[in-house]
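Those sequence lines, one after another, are chains A and B.
Be aware that the first sequence starts at 1, since it is given in my numbering, and climbs by one per residue.
Be aware that the second sequence starts at 1001, since it is given in my numbering, and climbs by one per residue.
The set of hints was computed from the structure by calculation and includes no laboratory data.
Hints are not guaranteed to be accurate.
[To be verified] The following label-pair restraints were derived from C-beta to C-beta distances:
#, chain 1, residue 1, chain 2, residue 2, range
1, A, 436, B, 1287, 39 to 45 Å
2, A, 12, B, 1313, 54 to 60 Å
3, B, 1128, A, 389, 27 to 33 Å
4, A, 231, B, 1120, 43 to 49 Å
5, B, 1195, A, 308, 36 to 42 Å
6, A, 281, B, 1194, 36 to 42 Å
7, B, 1125, A, 263, 36 to 42 Å
8, A, 83, B, 1195, 53 to 59 Å
9, B, 1389, A, 67, 51 to 57 Å
10, A, 317, B, 1167, 52 to 58 Å
11, A, 308, B, 1077, 53 to 59 Å
12, A, 389, B, 1032, 43 to 49 Å
13, B, 1398, A, 190, 28 to 34 Å
Predicted model only: the values in this text are computed from it and were never measured.
Cβ coordinates follow ideal geometry from the N, Cα and C atoms, glycine included.
2 protein chains.
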Amino acid sequence: MSERVLVKQLQGLPDGSVSVSGWVETVRDQKKVQFVILRDETGAVQLVNPATRPIDPSADSGTGDEPQDADALALTSLISELSTGTFLTVTGELKHDERVKLGGVEIKIGALEVAAAALPETPIAADSGLDKRMDWRFIDLRTRRNNLIFRVQTTLEHAMRSYWVERDYVELHTPKLMSTPAEGNAELFALEYFGEQTAYLAQSPQHYKQMAQAAGFGKIFEIGDVFRADPSFTSRHATEFTSVDAEISWIDSYEDVAAMQEELLAAAFTAVAEKHGAEIKELFDVDVVVPTVPFPRIPLAEAREIVKARGYDIPRTDGDLDPEGERQISAHVRETFGHQFVFITDYHPEIRPFYHMRNAETGLTNSYDLLFQGTEITTGAQREHRIDVLEAQAQEKGLSLEGLAHYLDFFRYGVPPHGGFGMGLARVLMLMFGQDSIREVTFLFRGPTRLAP
Amino acid sequence: MSERVLVKQLQGLPDGSVSVSGWVETVRDQKKVQFVILRDETGAVQLVNPATRPIDPSADSGTGDEPQDADALALTSLISELSTGTFLTVTGELKHDERVKLGGVEIKIGALEVAAAALPETPIAADSGLDKRMDWRFIDLRTRRNNLIFRVQTTLEHAMRSYWVERDYVELHTPKLMSTPAEGNAELFALEYFGEQTAYLAQSPQHYKQMAQAAGFGKIFEIGDVFRADPSFTSRHATEFTSVDAEISWIDSYEDVAAMQEELLAAAFTAVAEKHGAEIKELFDVDVVVPTVPFPRIPLAEAREIVKARGYDIPRTDGDLDPEGERQISAHVRETFGHQFVFITDYHPEIRPFYHMRNAETGLTNSYDLLFQGTEITTGAQREHRIDVLEAQAQEKGLSLEGLAHYLDFFRYGVPPHGGFGMGLARVLMLMFGQDSIREVTFLFRGPTRLAP
């Protein structure tokens, strides 16, 4: 039996015997000829079979006395019965033919072996709603568009990790089971831990990536799962998601973090544009724009003024932007600087966690949000590393120092100035692909009403 | 102020002004001269200061009327008070001097700025027990040995991911919150999910990496956290650990999985040996041996015979190896083939999960364990993809088809033959470094009695 060939390799092969494996996308079962579109992870190819039908004795066949080939009859019948989604292997004759729209090649079926037949009724169709598609996500993911999203995810992540590894960052896997909340927030998943303790699921690797700075690791990154028990139903929130985190020592300000992040994103977008740009354009009609560095930076107060001048009054009273405000300031940046990204800086401590360092002169935090095409994808900051200041800021937020005891210990035995960011992977992908919901770019979404499949 | 220079860069720099940042490893506070060993993430350097002590008016100083430099007095005093672990930045004069054992350079301190002073008593010492060191893991991790372990982890992972990415594997992040147990095992962490449902923490990405095959992804990998609620206290088990997983379609047998895994490990060990081999040898007195492929393969029944012939009677009655049996067969392989790895194959279905495919002739599973230096690091298998056989095998194990409904659905709408493996990252590192416990190679270990820091 021939070695399996990927569909994308067919065009480069000479005419002759090949073996392909994949699943049935469509069957066109005509009287005299049968066509099967077979798809694999690299593309689709047309398979063809000259149909051999049983002779209808009642019909005036003219040549009814010719013997029929039992194998040919069986193959024709097998193809007629193929249901969409059936996985199979076909060995046959590859033929280059310019008239074949699908890649200019087709395969005349010699032998066909079904690996696993699909039930005849596919539960979703191209026009099924998002929720129904999520019920049958493993079928939904077979489309070219969805397959592309996860190949792009792979390229994006690998480019980011390569950027870090080349610069001697250490990759961490911090624990997701914690004895105390990481962010001092009540909206946490709790579970019984060996009958004695309560464990919490990490909302972020915040504590531990800071711990790595006290451990003298210098520069670290982690791409891993985090959990949020907020009953949030927006298109931008998930109960479980992949967080892209980095933390670095000996920074002078959050600017050092922002500078690293913009370089990182430029490198990652370059990799995606080079490898997948044409396919993303074809399937999503979206251009992947490699951002120029530095990204524009606008202090929050100024951003609010700009948004107001554009005619939108932000209803929030806490001084932050709201989603429409984010879209407005991003529109301003696009129009003014031709840029898809913008760092919003200088947030008031009231709308930031206690561990953000504050500017001694302005009293504002040394932190930023990064917006991409109108949506926040990151919060970054210099952290407060002075234990007395850190404790005071925690108490000011009403947090118990006892609950934070393990975290605060990290600062008592020496720690360098440091900062970092956390970025939602799915948000970046959602915006890169021009999608409305992170559900579309998450392998298996988890939300308050979605825990399966 | 000068740009920060890493300690490893000092030897390549000319004499002159430099700035280094790190933490105090030791202070030698002599009467006439002070030495500080400063460590950063790349190495250690000797800092030196000619001490300027306050004149004791009662002493016969001889030159007591010379004026004393207040700055010099203050610097000397500051250095005298430095506690181990204090993070600081020193700007001073780099001088190459062959007599300095530590890298042949030293820095004469000009200015010294403390970033965060450590409490004077370090709670652990070099000879502290493992449990105490784990209590203060962020200090424990400052040693060269521990720092190296995580740099090696980074290299190992990046080499594996690069191997996969170059071969068009898709990187996945499967959900850790599940509505049903993945492996049908009762020892699971459960938690309340938005007041209505019970969620379970994934013991493995098994379900979802198989789902990706039904989705037509072809070849996938994931490096992510998994959770085991078994109250296991061995040195090889953890409650939460990083699992290295891959799954591939269109395999002919588990041999295709094994062949990929041995190539992957050879590539990863090559990367580690090249980048860190000398340092691992220096600090752990261990040689990183790049394994030759193929690795030896021994069917389980034959392995048991060999172990018995070596004089060890395996007390287990289920036909499996026990830890001493694993050590014995690995010793045999080392003596016979000079190899650190061995695939043990052909396990009986009774000691394998229901989803392992069985050999039609022997009735044994198409699966393997991979042993590395006497300890199991992996289970791999071809999976049963035929829904009727899969259901029968689940029922034979006493599992409820209802509980597995979401999983079984993956097989009803077409699925290719497939297989994969899961590998414990910490086990590989533990054995590579010749350590007795995975606690030593885990950033923050989680076990039944360990949930903090």
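Next on the checklist: Hint compliance check: list the failing hint numbers for this structure, sorted ascending.
Outcome noted: Going through the list in order, the structure violates hints 1, 8, 9 and 12 and respects the others.
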